[in-house]
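Engineer: Here the protein sequences line up with chains A and B, keeping their order. Under numbering that gives the first Met the number 0, the first residue of the first sequence carries the number 0, and numbering increases by one thereafter. Under numbering that gives the first Met the number 0, the first residue of the second sequence carries the number 0, and numbering increases by one thereafter.
Incorrect hints may have been included.
Identical copies carry no separate label here, and so any pair may be met within one copy or between two of them.
Claimed, not checked - BS3-like cross-link-like pairs, simulated, lysine-lysine; straight-line CA separation at most 27 Å:
id, residue 1, residue 2
1, Lys336, Lys318
2, Lys170, Lys400
3, Lys117, Lys318
4, Lys321, Lys48
In case anyone wonders, no lab produced these hints; they're calculated from the structure. Because the structure is a prediction, the values reported are computed rather than measured.
Protein chains: 2
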Amino acid sequence: MKPVRVGLLGLGTVGTGVVRIVEGNQEDLSSQVGSPIIISKIAVKNSDKSRGVYIDPAILTEDPWDVIRDPEIDVIVEVMGGVDQTKAYILEALEYGKHIITANKDLMALYGSEILAKAQEKQCDVFYEASVAGGIPIIRTLIEGFSSDRILKIMGIVNGTTNFILTKMSKEGASYDDVLQEAQELGYAESDPTSDVEGLDAARKMAILGTLGFRTNVELKDVSVRGISQVTKEDIAYAKRLGYEMKLLGIADRDDEHISISVQPTMVRRSHPIASVNGVYNAVYVYGEAVGETMFYGAGAGAMPTATSVVADLVAAIKNLKLGVNGLKAIVPYKQKKLKDDEQIKYKNFILLHVDDKAGVLAQITQAFAQFDVSLESVVQQPNEHNPYAEIVIVTHDASKASMNKVLEHFEGLEVIRTIKSVYRVEG
Amino acid sequence: MKPVRVGLLGLGTVGTGVVRIVEGNQEDLSSQVGSPIIISKIAVKNSDKSRGVYIDPAILTEDPWDVIRDPEIDVIVEVMGGVDQTKAYILEALEYGKHIITANKDLMALYGSEILAKAQEKQCDVFYEASVAGGIPIIRTLIEGFSSDRILKIMGIVNGTTNFILTKMSKEGASYDDVLQEAQELGYAESDPTSDVEGLDAARKMAILGTLGFRTNVELKDVSVRGISQVTKEDIAYAKRLGYEMKLLGIADRDDEHISISVQPTMVRRSHPIASVNGVYNAVYVYGEAVGETMFYGAGAGAMPTATSVVADLVAAIKNLKLGVNGLKAIVPYKQKKLKDDEQIKYKNFILLHVDDKAGVLAQITQAFAQFDVSLESVVQQPNEHNPYAEIVIVTHDASKASMNKVLEHFEGLEVIRTIKSVYRVEG
Numbered sequence: 000m001k002p003v004r005v006g007l008l009g010l011g012t013v014g015t016g017v018v019r020i021v022e023g024n025q026e027d028l029s030s031q032v033g034s035p036i037i038i039s040k041i042a043v044k045n046s047d048k049s050r051g052v053y054i055d056p057a058i059l060t061e062d063p064w065d066v067i068r069d070p071e072i073d074v075i076v077e078v079m080g081g082v083d084q085t086k087a088y089i090l091e092a093l094e095y096g097k098h099i100i101t102a103n104k105d106l107m108a109l110y111g112s113e114i115l116a117k118a119q120e121k122q123c124d125v126f127y128e129a130s131v132a133g134g135i136p137i138i139r140t141l142i143e144g145f146s147s148d149r150i151l152k153i154m155g156i157v158n159g160t161t162n163f164i165l166t167k168m169s170k171e172g173a174s175y176d177d178v179l180q181e182a183q184e185l186g187y188a189e190s191d192p193t194s195d196v197e198g199l200d201a202a203r204k205m206a207i208l209g210t211l212g213f214r215t216n217v218e219l220k221d222v223s224v225r226g227i228s229q230v231t232k233e234d235i236a237y238a239k240r241l242g243y244e245m246k247l248l249g250i251a252d253r254d255d256e257h258i259s260i261s262v263q264p265t266m267v268r269r270s271h272p273i274a275s276v277n278g279v280y281n282a283v284y285v286y287g288e289a290v291g292e293t294m295f296y297g298a299g300a301g302a303m304p305t306a307t308s309v310v311a312d313l314v315a316a317i318k319n320l321k322l323g324v325n326g327l328k329a330i331v332p333y334k335q336k337k338l339k340d341d342e343q344i345k346y347k348n349f350i351l352l353h354v355d356d357k358a359g360v361l362a363q364i365t366q367a368f369a370q371f372d373v374s375l376e377s378v379v380q381q382p383n384e385h386n387p388y389a390e391i392v393i394v395t396h397d398a399s400k401a402s403m404n405k406v407l408e409h410f411e412g413l414e415v416i417r418t419i420k421s422v423y424r425v426e427g
Numbered sequence: 000m001k002p003v004r005v006g007l008l009g010l011g012t013v014g015t016g017v018v019r020i021v022e023g024n025q026e027d028l029s030s031q032v033g034s035p036i037i038i039s040k041i042a043v044k045n046s047d048k049s050r051g052v053y054i055d056p057a058i059l060t061e062d063p064w065d066v067i068r069d070p071e072i073d074v075i076v077e078v079m080g081g082v083d084q085t086k087a088y089i090l091e092a093l094e095y096g097k098h099i100i101t102a103n104k105d106l107m108a109l110y111g112s113e114i115l116a117k118a119q120e121k122q123c124d125v126f127y128e129a130s131v132a133g134g135i136p137i138i139r140t141l142i143e144g145f146s147s148d149r150i151l152k153i154m155g156i157v158n159g160t161t162n163f164i165l166t167k168m169s170k171e172g173a174s175y176d177d178v179l180q181e182a183q184e185l186g187y188a189e190s191d192p193t194s195d196v197e198g199l200d201a202a203r204k205m206a207i208l209g210t211l212g213f214r215t216n217v218e219l220k221d222v223s224v225r226g227i228s229q230v231t232k233e234d235i236a237y238a239k240r241l242g243y244e245m246k247l248l249g250i251a252d253r254d255d256e257h258i259s260i261s262v263q264p265t266m267v268r269r270s271h272p273i274a275s276v277n278g279v280y281n282a283v284y285v286y287g288e289a290v291g292e293t294m295f296y297g298a299g300a301g302a303m304p305t306a307t308s309v310v311a312d313l314v315a316a317i318k319n320l321k322l323g324v325n326g327l328k329a330i331v332p333y334k335q336k337k338l339k340d341d342e343q344i345k346y347k348n349f350i351l352l353h354v355d356d357k358a359g360v361l362a363q364i365t366q367a368f369a370q371f372d373v374s375l376e377s378v379v380q381q382p383n384e385h386n387p388y389a390e391i392v393i394v395t396h397d398a399s400k401a402s403m404n405k406v407l408e409h410f411e412g413l414e415v416i417r418t419i420k421s422v423y424r425v426e427g
């Protein structure tokens with residue numbers, strides 16, 4: 000039977016994983032799709048580099064256009080990364096009628112709608128399961144598994160580096176800087192960790208999940224982002240004492256048709272299923288109107304988990320190819336986007352204040368919350384023997400972001416408050 | 000645009016949920032499939048019964064054949080339950096070229112291969128996501144999400160009733176009988192709970208998951224089954240003391256091409272993600288060669304979660320209908336089934352013995368393990384002040400079922416052993 004020819008852009012660890020799976024599971028894969036799958040051309044940066052897997056040198060090229068313009072190739076797997084140049088390659092490949100599998104979250108978060116529109120025009124598949132949460136088939140689940148339900152909330156631990164750091168800080172009482180350094184030595188964090196620790200990587204993934212979950216075009220700029228670099232071991236100790244775990248959570252939620260998407264360090268109640276997701280693992284929690292609580296857990300990165308998702312997408316595209324139905328099941332966002340304003344965004348808050356240790360302070364503080372309509376779940380004041388100030392820990396009920404901003408602004412002007420030490424979102 | 004007409008067999012809680020979702024989310028659903036979805040005929044036992052949702056009496060019938068033979072109906076949703084008569088309805092509906100969505104695990108576990116073969120012959124879809132783990136899209140995940148990987152192990156908490164009972168026994172130190180009674184009062188257990196508590200319900204679901212995961216035709220008789228009715232609160236207390244949680248686990252695993260499938264109360268190490276799945280929730284843990292550890296968590300039953308999966312399947316079948324590709328992506332088991340024998344089935348064991356409290360007993364016991372090649376991870380003997388015997392708790396390393404059976408048989412003949420109190424599989 001005529002084989003399906005696949006072109007690969009990039010041959011790093013994920014690309015090598017794709018080659019391993021396609022070759023190692025050839026029998027299984029070809030019985031699923033009804034013909035052999037051949038990786039017939041691979042674009043690499045340096046064709047002389049050794050890669051720990053045998054690849055016929057004749058199929059390597061240093062020019063991606065060789066792959067994109069090869070008329071024999073039906074499907075292109077993009078695992079080279081990059082944004083603008085890569086987008087140009089992919090749009091051109093679609094122009095040639097080729098189907099695309101990509102693991103590139105940056106590309107899909109920034110140019111997903113443009114790429115999907117071109118794919119629809121050309122009746123091509125663009126699949127990108129591996130772009131969010133590596134080995135967890137969450138995109139397929141949002142598109143198909145919950146196609147019948149109205150998704151109200153998605154919460155994700157979608158960045159392994161920051162979850163490794165927070166887990167380690169929590170288990171060992173270690174400081175952020177020490178754990179970051181260890182993560183860098185272990186290869187779990189980049190030498191420039193900004194994109195991970197400042198929440199940008201998670202934000203890109205949440206833009207993709209929000210788009211799929213709410214069927215509206217969520218852009219990166221719609222995601223409010225705060226990273227973990229300011230999280231202290233004291234904050235984590237407080238969280239644990241109150242029965243929470245600190246997690247960098249992406250949260251996308253909606254009331255009626257208004258949505259909000261954010262990424263921030265969040266105190267999650269320990270009984271919530273996502274609170275026990277530790278180390279480099281990822282998880283995506285989905286709350287649907289009918290289905291209720293569900294959660295999907297697995298490796299968020301790593302060559303082989305990511306390659307598993309890439310090849311699953313490849314199998315799906317090839318099945319469509321055999322049936323002549325590529326591009327016909329694409330989910331194109333069709334709902335008008337309405338973002339919540341700060342009055343509509345509501346959640347619980349944890350606030351840690353350092354205040355003067357004298358009479359009347361607590362009254363001034365609780366009065367400020369009352370003035371701006373923020374009701375409190377708990378307030379604990381404790382004197383600190385070693386310091387000339389007292390600590391006040393407050394957990395609010397759900398409060399609007401607008402009200403909380405007013406409270407915090409008011410606190411800035413209160414003389415008895417020495418420092419607004421920490422403010423965190425609370426979930427669960 | 001011409002609507003798609005759907006016939007419903009059964010209008011219990013799940014059927015009513017399907018009606019609610021199809022009507023409540025009509026706008027979303029029809030933008031996905033490109034035409035309205037109309038439930039045009041419903042077979043019920045008693046057409047006069049009130050159901051808490053408005054249904055035009057004109058579409059009710061007490062004769063399922065009215066639905067099956069209606070030439071206007073494209074897709075049949077079977078939520079009536081039952082096995083032999085229901086199988087006849089479904090085979091006949093396929094004969095008429097209708098696509099089938101079913102939530103019926105008994106039917107699929109017993110006659111899945113016959114039904115799927117008929118569907119393939121008629122180029123019809125048969126989807127059954129709701130038959131295992133209600134709201135968790137695990138069947139889709141096994142078919143599509145992990146199509147590229149070699150699945151080595153599936154572990155499932157796939158019965159909510161027993162998980163509710165074991166969780167409650169663990170959290171409250173309560174006895175099996177008391178908790179079962181409470182579960183019955185709460186409606187979480189049937190008045191005749193045999194199918195749940197003896198593991199039969201879980202076994203049916205594991206037969207379905209094993210078939211999909213290993214692409215071979217696992218039948219109910221291939222599943223070795225043991226229920227929870229003999230689990231005591233003392234067993235659970237022992238489990239907790241050793242760092243385990245007691246769960247009714249379905250386990251399907253394979254080495255090379257030999258597989259085994261079982262359901263039994265299992266001590267799961269607390270750090271394993273499946274150990275923290277509590278109450279009526281279900282979870283399916285999948286270990287793939289490339290993807291590593293993943294887990295899928297959610298409601299295993301309940302009208303709305305189950306209806307979510309049914310309607311997601313309905314959407315998929317209607318999309319295929321529009322594209323003219325029904326029945327073409329079916330997974331038909333193609334691998335020859337090779338079951339592991341008792342020498343090949345290996346796992347860790349927990350054994351609790353009541354023995355004579357005198358010198359030399361421990362030596363006799365450990366010698367028996369050595370004789371049959373079972374190596375031990377830990378042995379703890381503790382005298383029991385209140386009783387004239389001592390307790391010995393043993394955890395083995397991985398041992399073959401055959402060897403363990405020989406050890407236990409040998410123990411039956413040892414005079415110093417008064418009772419083999421408990422034997423459990425250990426995981427994690």
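Engineer: Indicate, hint by hint, whether the structure satisfies it.
Structural biologist: How the hints compare with the structure:
no., hint, in the structure
1, Lys336 / Lys318, "between (33 Å within a copy, 26 Å between copies)"
2, Lys170 / Lys400, "neither (31 Å within a copy, 38 Å between copies)"
3, Lys117 / Lys318, "both (21 Å within a copy, 21 Å between copies)"
4, Lys321 / Lys48, "neither (35 Å within a copy, 48 Å between copies)"
The structure fails hints 2 and 4 (numbered hints given earlier, in ascending order).
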